[in-house]
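**Student:** Chain R is already provided as a structure; the job is to place chains C, G, E, V and W on it using the hints.
The residues making up each chain are set out below.
There are 6 protein chains.
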Amino acid sequence: MTNSSEDWDLDKIVAELRVSRGRRRRDEQGTRASLQMPAREALHTIIDGLFGVLFPTHFGSADLSDEGIDYFVGHTLDATLRLLHEQITRELQFASAEGAEVKVKAISDHRAFEITRGFAAQLPKVRALLEKDIRAAYQGDPAAKSIEEVRFCYPGISAVTYHRIAHELHLLGAPLLARIIAELAHSATGIDIHPGAQIGGSFFIDHGTGVVIGETAIIGERVRLYQAVTLGAKRFPVGDNGVLVKGAPRHPIVEDDVVIYSGATILGRVTIGRGSTIGGNVWITRDVPGGSQVTQALARSEAFDDGGGI
Amino acid sequence: MTNSSEDWDLDKIVAELRVSRGRRRRDEQGTRASLQMPAREALHTIIDGLFGVLFPTHFGSADLSDEGIDYFVGHTLDATLRLLHEQITRELQFASAEGAEVKVKAISDHRAFEITRGFAAQLPKVRALLEKDIRAAYQGDPAAKSIEEVRFCYPGISAVTYHRIAHELHLLGAPLLARIIAELAHSATGIDIHPGAQIGGSFFIDHGTGVVIGETAIIGERVRLYQAVTLGAKRFPVGDNGVLVKGAPRHPIVEDDVVIYSGATILGRVTIGRGSTIGGNVWITRDVPGGSQVTQALARSEAFDDGGGI
Amino acid sequence: MTNSSEDWDLDKIVAELRVSRGRRRRDEQGTRASLQMPAREALHTIIDGLFGVLFPTHFGSADLSDEGIDYFVGHTLDATLRLLHEQITRELQFASAEGAEVKVKAISDHRAFEITRGFAAQLPKVRALLEKDIRAAYQGDPAAKSIEEVRFCYPGISAVTYHRIAHELHLLGAPLLARIIAELAHSATGIDIHPGAQIGGSFFIDHGTGVVIGETAIIGERVRLYQAVTLGAKRFPVGDNGVLVKGAPRHPIVEDDVVIYSGATILGRVTIGRGSTIGGNVWITRDVPGGSQVTQALARSEAFDDGGGI
Amino acid sequence: MTNSSEDWDLDKIVAELRVSRGRRRRDEQGTRASLQMPAREALHTIIDGLFGVLFPTHFGSADLSDEGIDYFVGHTLDATLRLLHEQITRELQFASAEGAEVKVKAISDHRAFEITRGFAAQLPKVRALLEKDIRAAYQGDPAAKSIEEVRFCYPGISAVTYHRIAHELHLLGAPLLARIIAELAHSATGIDIHPGAQIGGSFFIDHGTGVVIGETAIIGERVRLYQAVTLGAKRFPVGDNGVLVKGAPRHPIVEDDVVIYSGATILGRVTIGRGSTIGGNVWITRDVPGGSQVTQALARSEAFDDGGGI
Amino acid sequence: MTNSSEDWDLDKIVAELRVSRGRRRRDEQGTRASLQMPAREALHTIIDGLFGVLFPTHFGSADLSDEGIDYFVGHTLDATLRLLHEQITRELQFASAEGAEVKVKAISDHRAFEITRGFAAQLPKVRALLEKDIRAAYQGDPAAKSIEEVRFCYPGISAVTYHRIAHELHLLGAPLLARIIAELAHSATGIDIHPGAQIGGSFFIDHGTGVVIGETAIIGERVRLYQAVTLGAKRFPVGDNGVLVKGAPRHPIVEDDVVIYSGATILGRVTIGRGSTIGGNVWITRDVPGGSQVTQALARSEAFDDGGGI
Amino acid sequence: MTNSSEDWDLDKIVAELRVSRGRRRRDEQGTRASLQMPAREALHTIIDGLFGVLFPTHFGSADLSDEGIDYFVGHTLDATLRLLHEQITRELQFASAEGAEVKVKAISDHRAFEITRGFAAQLPKVRALLEKDIRAAYQGDPAAKSIEEVRFCYPGISAVTYHRIAHELHLLGAPLLARIIAELAHSATGIDIHPGAQIGGSFFIDHGTGVVIGETAIIGERVRLYQAVTLGAKRFPVGDNGVLVKGAPRHPIVEDDVVIYSGATILGRVTIGRGSTIGGNVWITRDVPGGSQVTQALARSEAFDDGGGI
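Chains as they are written, first to last, in numbering that gives the first Met the number 0: chain R, 0 to 309; chain C, 0 to 309; chain G, 0 to 309; chain E, 0 to 309; chain V, 0 to 309; chain W, 0 to 309.
Just chain R, with the same shape it has in the complex:
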């Protein structure tokens, strides 16, 4: 191939990039390069399909008749599950390779089938939870003029829909896909919920930009959050091998009926007791008893009173 001054010098750049990739592969990856990676674009399509299955008249097709709706749902579900099955197979093969074990494709394929089937069986339950979330948003926001406005427009509802889907995949054994889905939600809404987080019913996030909810957070029923709330980790324990311990409980527990206003930061495995109200911008790293009302100044002195509100 040529190399005149009118060229991009493709050969040289391609060769350098190959060397760069090669170095990486030697260090960490073995022979995985020939495996097929999960594809972000496919996850987009899968999520679109699942939104359509869950809310066919809103996100499926604007023209569905009563007569046609079940055919739409059944067909969309079938097509979506096939795509999901393929992506789960890829994740499983990839994970096997990473563990240096040689597993045959057939085993991954069967396991992927079981996960996909299990996921599908959870969809009616997921839908029921989302209906409760939507109602909670409608009831909790004076700007919400109708249930449909909430269903269509609220980024908090969108983010929780992604999350409830991702959480099922996380539980069933497809954590990488779950994580990709969580980041699709993050990109679309500015709300960052780790798929591992456990979130109860009638959950509502208003506005939502900048919300972060960590992997081991546990959230009860009827909890309401506003924008820029962080439920984060305080310290990252390091194991004997000098490496961060992965997956240990390190995020807050938020009990039922808690409201947390915008910008509040709650760090570590602390518990916010049932019915408490956490004011905007407060910074909390200790347990808060049930029924507390925490405002900014008080939070720092660890004192609580019944006044103020927010």
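The hints are simulated quantities; they were obtained by calculation from the structure and are not laboratory data.
Please note that a few of the clues may not be correct.
Which copy is meant is left open, because identical chains are indistinguishable; a pair holds if it fits in one copy or across any two.
[What the hints assert, rightly or not] Derived pair list, reagent style DSSO-like, types lysine-lysine, alpha-carbon separation capped at 30 Å:
1. K131 to K144
2. K233 to K245
3. K11 to K124
4. K124 to K144
5. K245 to K131
**Tutor:** Chains C, G, E, V and W alone, transformed into the frame defined by chain R:
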């Protein structure tokens, strides 16, 4: 249909989802299921069309000649208004159904036509306002190297363009579409402006991620905001029926020539007086007289001085 | 053309919009209207191509074999560079027109070729930096289960990839394209990094929504940021002509091995010394010596101790 | 708008084209210009949908499982019928306008619904006929290696599928759509069958390019044609008003079990008797008794013998 | 790159194909490889645009209002002419290179502009001719139920529309593009008209599959052809250099008001006199006087009578 | 599901179609329904890819530089072969199922790999043949103005390209895919060549509509055909079982340097001797000695002379 272990069990899941949808419909929706919902995807196309109409050489087509530009604008406007007309018709029919009145399709269609026509007539005014916004951004940001950079790149300009479009639709009687458009802006820019908010000319939001401006906020001329500023509500009044009062004035009034730095939170129907500067991260729930300079510490003691700035 | 009550009144609106555009052009633009503007959509395609070139098995094509990978990389690079070349030509022509000089198209074209070629030559270096960033993220986040999860999912990695691309274009003389790319990253991730910012290796932003890094910021090696951190300007100097001075150093210098927790705001040309830890939500406008641990209360009194952490 | 030598002179050409359209409209069309025309592209989509409904595993989706197939068929049918309904409505409105009657949109809409519903009810019958056609092709062609090859590849089968669909629409009262579909088939296969033609079961056209079958042709069971066969009209009767009489019987009747070899031309309302064989390139304008074998020379002398074959 | 038994052996095949291309280039092409070829796909788009410009309510957009139609036409024309301009530039550069002359891009560009502009100016004339063609078809075919059916469905009308476009380009100096357009028509309709052929008004081809009209054919007013008619060349003269003489007159002249029935073959520079009728399948290589009626048997004996018809 | 008069009656139609499919399956297909069929759309993509690989500057990408061309070819080939591999796997599995044997997927997959690899290895040879075909067309047609016009526009060249691809697949063991490709060519060009036909170099079909070349035809070097030529079978032998014998030699052998003019029909396993010229519309069912010139009248009396030509 079959139900072997090799199947997804489609019939069962489809039936369960049907039950789940049915339960919802009984509670709240009557017979609306056969109506056509507004379609988010159509709103995307409409917004693209309107950006092209307003700024044809920047967002319409890179190749427009002087000779062809009016044809482009006229054709794009015509096609976009037809799409918008259809979506407004859907919103009106949907809203009628919600109010349990039976209105014939023809009435919605005519009303939608009037709204669409009224909206179109506002576009030159909207464009003039946006030109002022763009100039304000250019003059207010030392990183802005050219007017074109501002027009092309600034998320604050993008968000205000969405908002000025959504606000007109909100005023004319298409609040659900207005809200969907606002959330498209929110998703794209991280800036969440309720379409009901009234915003004067030469308005500039820099960076913008996390900005929230509530439904009843009123903003004067030449106001400048930075990222993560909240103009929110303090309390949500509950009506005699125990339900949140919807739509009551509950967000700040920001007078002309105010600057509000990043992370400031201003809650409730308070007034920030003309020419004031609000420092980063301050938390304000009371009126601020004109010409004030509020910094974090001072804000809490409700005292003001002329020092500090930010 | 007609003007009945059944019409949109297209002719009138088109004429008013033409007047509106005309006014703008007289004031600021001369004859630029016939130039071709850079196209946002093309930049999207270019970024997709560059992600594919840099990480072909992850963002290029899921099915690449070892045998085919270099062909994919070479072809995608070739096609992407041609697109980039065209966009750079447009920026250069546009910039020339703005400066009122008449430069022939051929000169812009050649200069654009040189910039494109120079950019291409940097890609292996960019890729090597990104590998270090990815490793830093994996090592710094207990929720990261694998290198691949980081590569696929982490918005911080995504934002830094955009940035390292945009920064090269900024340095080589295509600042408008660089800025458009930065805003594509901002929209996708909520992370707003000006392409002028200088960022060392092994850089990691976790969660990231609301992060703002200004044009003249300088960041060392192994720095870690969390969501909503601002590295901003404190004051905007005004020149003798009463206009903001553009481009002067006005953002922080962050030395090696600094960690800055969520919501911290650092403003002005201050230096955060090597190895310091800045706690969440702190507000800093002065230099911080190396090895400091700054928490919220302390930050304001300018005192430092060794306790607390975050 | 401008008119420099660097322009296309758009205004002038647009004006001239407007005049040209106007002249046409005055002569023949009244106010139809505001009606929506049927859209060729929509017919393409409708045909794709119907092929998928009729042969879901071959033309619908390669991945259909037994469990999912009925959902696919039901959903595709529902979506396709809605599209068809809209196109039929357009044809009916257009036809009404042409007849100068003022019919309200609602009436067209209801009639279109009845036609669409009637069409849908015929689909199982159409499918059964096509299965017989496919079998006839398999049995009649020594090059056919499998039923699937016939179903997938044979242009004669494709053309007959289009025809049986178009014929039902023709009978039910949508002749313009039927004709558009016939021309889609003609373009794809080179086989031109007027939708009015009546064609019995087990019909097979081999190769097919250049076949023409006229509007009033009647074809029995188990007939086989080869390429370039014409079943045409001999003379066009002119009515008292000096205009061609439209729709009168003027094409051949071909009885059961006839074979017509390539290039044969049969013109006028003649009958080819049961079981006859018509040799290649013959030219026939008179009745042929049952059981005849017509070869080229004989055809011209109107004599028949039992020899020769083809 | 690798070469295991699991590979396609890409490197080897790519190298062999390069050698194959290289051999061709040495023989015939010089340095043309770096020129941009006209793109078939672009011609498709151009043809779609021109159909929309000529018949906006039929092939442009189904929803055009009277108010919007000129904007549609003007914008579509502008966009289409820009595409055409680029393709013509490519043809001219290519033709220059072929002739071994070095012409600068600017010259081709200007010449291409002139051709494009000239082409645009012919469009109203082309449209007027097509209206006459459509009327001739309606009047000449008893199966035609309406003018709109003819406009939408008749392949003969489609083919003539392509031809009248291609013929203008042929005359103006873009013969390669003209030829590509002619073959798009051939593929869509089975009708093969060389762009050089001169065809008068009110021209109608019925059915049309297999029609061939050669480069130097001249056809008068109100001529009607049926399927499989050939207007071809009889002999190809060879020049002194032993190579076929290109472009010499060698195809028939068909005078006004001639009808030629299906399958007739007319070869050489013969004249079919005004008002003649040529029967199906006849083979003609000599002049036919005006007013003749030629049938198959007679054609061969070069005798004519007034009987028979067809 | 409902069944009101406002419905399409989907359930009933879906059930009837299921019954219709079921009946077919019982008779002929066993359990094949769950196999994946080859997909026509995929073959389209594969053909586009192969045209790009063979003629990258004409059908690949208009913008290829010398530097980038091999990357384009290599990448396109890699992607295309993967698609082809999948389609071949489907054909093999399908064929196995048809033969009622149970073959594991892995075996089909490996065999498909071998076929794909073998096919790829033939591409340089195929390309060399096509270069000769293109040259033959250029030299044989006085209307051909340049080699590029032939390459771009000639349907005969297009059809032969499809054929040479299909023929290789036919030989290697993928006859169903080969047949689908042949029908894609037939639809695009009107030229119907069975993939089994053996065709020598420098082959040229002019115009081509209506040409049919049968499965067992053998064509020598430098043969030229015109439109509507048939090389067909005369009789179809029936085997002892009363079924047509499939695949027996039954089509003509055409030796080197033969020219066959338009509309000629040659049927049966006859030989047209080297250097013969067959006139238009003749009908031949016996051998023709080398060097003959056959015209229409003579052909029927089986006499030959040296005069006449065509």
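**Student:** Okay, which hints does this one fail, numbers in order?
**Tutor:** Failing hints: none at all.
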